[in-house]
Amino acid sequence: MTVTAVEHGHEPGHAADDHHDSGETDLPTYLENTRRNRLGMWLFFASEAFLFLGLLVTRFYLWRGPHGEIVRPELDQFAGLVVTAVLLLSSYFMNRAEVSIANGKRTDFQISLLLTAFLGTAFLIGVVVWEWGMFPSLVKGHLKPTDGVFGAVVFGMTGMHALHVLSGVILILNVWWLGRKGHFSAERHWGVEACAIYWHYVDLVWIFFYPAIYLIGSTIDIPH
Amino acid sequence: MSEQSHTKRKTAIYREGIIVGVTLAILTLVEYYAAITPPFDSFAVLMILALLKAILVVNYFMHIRSVWSEGDH
Amino acid sequence: MSLFTLGLARGLFGQVLGMVVGMLLTCGVRILLGWEAWAAEPAWTVGSVCSIIGFLLAVGALDDWLQWTKGVATPIHHGPPVDKPAWTRYFSVDYNHKVIGVQYTVWGILLLMVGGTVAMIFRTELARSGLQFLGLDLYNSFIGMHGMIMIFAILLGVGGMANYLVPLMIGAEDMAFPRLNALGFWFNVPGSVLLLVSIFIGGWDAGWTAYPPLSARGPIGYQLFFLGVFAIGLSSIVGSLNLLVTLLRMRPAGMSLFRMPIFCWAVFATSLIQLTATQLIGTSFLMVSVQRALGMGFFDPRGILGEVSPMVGGGDPVLFQHLFWFYSHPAVYIFVLPGLGIVSELLPVFSRKPLFGYKWIALSSMAIAIVGFIVWGHHMFVSGYNDILRIPFMYATLLVAIPTGVKFFSWLGTMWGGKIHFDTPMLFVLGAISVFLIGGLTGPILATVPTDLPLHDSYFVVGHFHATMFGGFVFPFFAALYYWFPKVTGRMYNETLGKIHFYIMTPAFWVQTLGQMGVGVMGMRRRIADYDPTLGQGQIENWQLAVTIAGFAIAFGVMLMLWNFFQNAEVGVAAGDNPWRSRSPEWQIPSPIPEHSFPAPLHVVGEPYDYGLADSGYVTTASPGDD
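Those sequence lines, one after another, are chains A, B and C.
Counting from 1, position 35 in the first sequence corresponds to residue 35 in the numbering used here; the numbering is continuous, with no gaps.
Whatever position you read off the second sequence (first residue = 1), add 224 for the numbering used here.
Whatever position you read off the third sequence (first residue = 1), add 297 for the numbering used here.
Pulled out of the complex, with its shape left as it was, chain A reads as follows (with noise of 0.2 Å):
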């Protein structure tokens, strides 16, 4: 959804201007194109953040002590701080991949991408095989998704920002490669400025995730 909720541009405000199918637009109506595009854009975001909201919500609701004091299960504290540390680090990349095109610098750009794109990963793997102990021969995870309302809302908080990061990931390394290919300049970036921001959102949402799931509240023994 995220990759097709934005349209290039090429449709000017007007029929009268009959000349706009040949291709190339002029760069006024880019500009306008990409003001429009990047208003779908935050309207998406402001979309997805009644979904994030609703987990929280969720996460609140239901993880509750007998008392009804806020509660967590014991997750590795070090594979949180970890992963947390490794989203950010992406978004930093990501921003500097995008100021790099705005200034024409392609080499910094792609390679800011690409760093992007692999710190992006190790998140997935930090969160797929460390958290969730997908491959227990390698570590053996904390919860499943069947312990109660623990498993649940961790794998699916985890769950739904793992495939908003995937997506990014994907759609990351597909800008990439339309660079690599020579698509972008300084003037003309509405695909690296739609990724960055989708990419920052997708930080955004883990900025939150982290205290709800790792910090609020007192631990919880879970018997297995």
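Don't take each hint at face value.
With a Cα cut of at most 30 Å, we get these calculated DSBU-like pairs of lysine-lysine [unchecked claim]:
1. 105(A) with 181(A)
2. 105(A) with 232(B)
3. 367(C) with 381(C)
4. 234(B) with 181(A)
5. 234(B) with 105(A)
6. 367(C) with 105(A)
7. 796(C) with 716(C)
8. 381(C) with 181(A)
Hints in this document: simulated from the structure, not taken from any laboratory.
Guided by the hints, dock chains B and C onto chain A, whose structure is given.
Structure of chains B and C alone, referenced to chain A:
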């Protein structure tokens, strides 16, 4: 705009990214230690820290102002 | 010409193929894991996901985006397809908003007929007490089916009106994102197919609200139901996003927000709700879906600490109701706000007077949308949630009556002293006002805790929401169909048949809704296939029969309307460009509207509804000269 001031602006933008990144990292560490240091392990403290991080990301990384400003950012 | 020239046929084939591929994929993974190859629920679930993707790929709604991932630009083709008959564009992916608007509307009317037929079947069953021809499970599936199909139909009708009218009303060439617009429509087709197919693999027998724990333990049909709703929800989200960007970015110079046609305000408010709240019905259904598929116990109250402290770690079905109604109450305003916008739009035209209190109507739509977000708890007065929540939800709900009242008084003010023309669209507008008044006045009774407690889940509620849906959507939608039919086709419908439709349907609906409320007060419960014939001093069967007969009369009226349209779409009397003497931009251009709607940019020269005022006007399509 002269070549020199252009380069200066460029360096400033790069530096801005680094400063925001480092601030986010520090805030994350503060979060981590607040969570194991009563009385700072409360819902309110941790959510305020998260909100601060979110404002930094939305403002500097996502350029939310470009949605309503008419010029290119 | 082969059948597969039609995108729709290709899409449905792709949907079947996707279903098969998804099922094989599931079996393959299960074999790899060393499990038994076939398991019905995972196979149907994964198959359904793949079937939606298969449909979209095959119909061609994703073509351009797939090209973009390869860096290929895809200019938009305007006009009918070059190598096929022009009518095929209505059955294939087309990026023109006028085509998409018609696609939405026609698909919506089709679903309206399916949902109506289902209602007629169980209404016949209810005409007498005892079970005549429906089993209990099938009855339950049918009432849920009627509810959900009608919701789909209404969303499609709203989408049809908004997509067709909004770009025309603001003088825009098209929607902001034409491709997204097409995708938004085509999501609906696989979604509704899944919903209809689900009845054959067990159905879903806990009503359209799908409350756990029943839905978490019900038949496999639930998974298809959930995925169908996801598809429609995605359509809602991308459609409303598109409308918001169009309204905010594509108005012509001089058309400030308070100079838009009033219907645009209604769409704006509706889109705000659709964009955000829709996510929550998706979230709540996804949670039930994964609880069924993966055993994630969001709503399963069994705790993990067993005997020691059974409450810890257990899920809570009441959470589902919170998340579900956070969408499903505002959804009611998604359904009625555009309809109320149509009422406000048509009244000045047929009263030949300015719209009374334009700004108040515009802002009342926004107020309803915003207050609508904090009233969901009135559906849950008997759910056992914290009693403290009841009072704020009660007052918030009663608050909705204020902006709604603003609309009513402004409608009366518009008609007051006007030269009213009683053409069919105007009749339906008046019908809408009368019916919505019934629905509106019964609202506070249900919003107030002490009166809601005995009436909850009774037929009184059924009567109430049918009155709001008919007054807020069906009557205005029919008014809109009659009103814009000459614009879409260039032909006039048969006025006499239209009036007969109105005079059958309106009294029939009064009987239906008041009859439903009546049996509710007698003690008839919702969602029950049978009832005690001695209720209401033995009068309940007569009332039920009256409701059933009224239902069939409404169905007859709708058939009459469709026949009227079908007869006159091609060969009716030419209607001229502006038969209603409207000032709205879409009536200033030829009917039917050419491919590029407006020959030149619009110029806004005055207020939109200054009918009857000397030297006033709204828009001109020619440049004013000194500009």
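Provide an ascending list of the numbers of those earlier hints which the structure does not satisfy. 8
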